[in-house]
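Novice: The listed protein sequences correspond, in order, to chains A and B.
1 is the number of the first residue of the first sequence in our numbering; add one for each residue after it.
1 is the number of the first residue of the second sequence in our numbering; add one for each residue after it.
No lab work stands behind these hints, which were simulated from the structure alone.
These numbers come from a predicted model, not from an experiment.
Treat each hint with caution, since some may be false.
[Claimed, not checked] Selected chain B positions facing chain A (Cβ under 8 Å, derived; list incomplete): (1) MET23; (2) GLY24; (3) ASP31; (4) PHE32; (5) GLN70; (6) MET93; (7) ASN189; (8) THR190.
The C-beta atom is built at its ideal place from N, Cα and C for all residues, glycine as well.
As a plain string of letters, each chain reads:
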Amino acid sequence: MASCIQPDGKLTQRAIEMLKLINGKTLTDAELASITQRPLFQIRASLRELESAGFILKKDEGFTLTEKALDFIS
Amino acid sequence: MEREISMPRIGDEAPCFEAQTTMGNIKFPDDFKGQWVVFFSHPADFTPVCTTEFMGFAKLNEEFKKRNVQLLGLSIDSNFSHIAWVMNIKEKMGVDIPFPIIADIDAKVARLYGMLHPGESATATVRAVFVIDPNGKIRAIIYYPLTTGRNMREVLRLVDALQTADKNGVATPADWVPTPQTWEYTEENTKVIVPPPTTYEDALKRLQEGYECRDWYFCKKGL
């Protein structure tokens with residue numbers, strides 16, 4: 001069961017919220033865990049899925065949105 | 001030819017795996033890097049001793065979190081079974097299970113970690129505990145048989161001892177505790193579990209048999 005991408009390819013509400021949090025910033029996994037109050041392992045799993053789907057990019061220790069994500073949330 | 005049984009040992013790197021849990025898919029140990037993990041198996045969902053253990057771990061979850069420890073459960077059950085069980089624990093016992101449980105229906109992870117002990121049970125995992133440090137190294141292992149519930153405070157004490165040893169370059173003696181403890185043993189701790197019924201007919205009768213029951217599979221009595 002995917003936590004970010006649904007079987008039909010659509011993003012889950014949790015994934016959309018995460019993209020909105022990252023929008024305009026570079027956030028680390030630990031920072032996202034702290035902001036969302038979710039366990040670190042769950043954040044890392046979500047980030048892995050979003051990165052693999054091309055919505056975020058790893059930059060140094062943090063994550064930023066890709067053009068695809070910016071188009072999606074605009 | 002007998003299947004080779006994998007038995008990780010203290011000091012080994014924690015074996016890698018990917019799995020489905022009640023809180024989403026995980027990649028282990030990558031997703032837990034930088035945290036301590038108490039990775040434990042239980043024999044089966046909807047069994048009374050396991051239910052008491054899960055409530056015990058849930059009760060101490062905040063203490064584990066303060067120590068940068070993530071709890072992680074496992075049994076050879078499906079994710080739907082795990083979800084139904086944690087929903088049942090919430091509904092019948094009023095306890096929320098705040099940590100993920102791995103659905104290891106094909107026993108792949110259980111075999112990888114040596115959690116299946118054929119002399120005890122061929123199909124259910126024993127009560128194993130692996131304490132894994134932030135670098136993914138196994139630092140301690142405990143095994144308990146199916147009949148005997150673990151002491152969650154001892155698991156917490158073990159984490160305290162390992163962290164204290166790492167931080168201060170010391171070793172801890174027998175019965176060491178970080179601060180004086182008042183162990184909360186009550187009359188409730190003296191009660192024992194009545195083995196759960198194994199037929200539908202017996203399950204229907206169980207609640208009328210005079211035991212202290214929270215549900216058909218979870219009944220206690222004094223000795």
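Novice: A separate judgement is required for each hint: does it hold in the structure or not?
Specialist: Here is how each hint holds up against the structure:
no. : hint   : in the structure
1   : MET23  : holds, 6 Å
2   : GLY24  : holds, 4 Å
3   : ASP31  : holds, 4 Å
4   : PHE32  : holds, 5 Å
5   : GLN70  : holds, 6 Å
6   : MET93  : violated, 22 Å
7   : ASN189 : violated, 30 Å
8   : THR190 : violated, 35 Å
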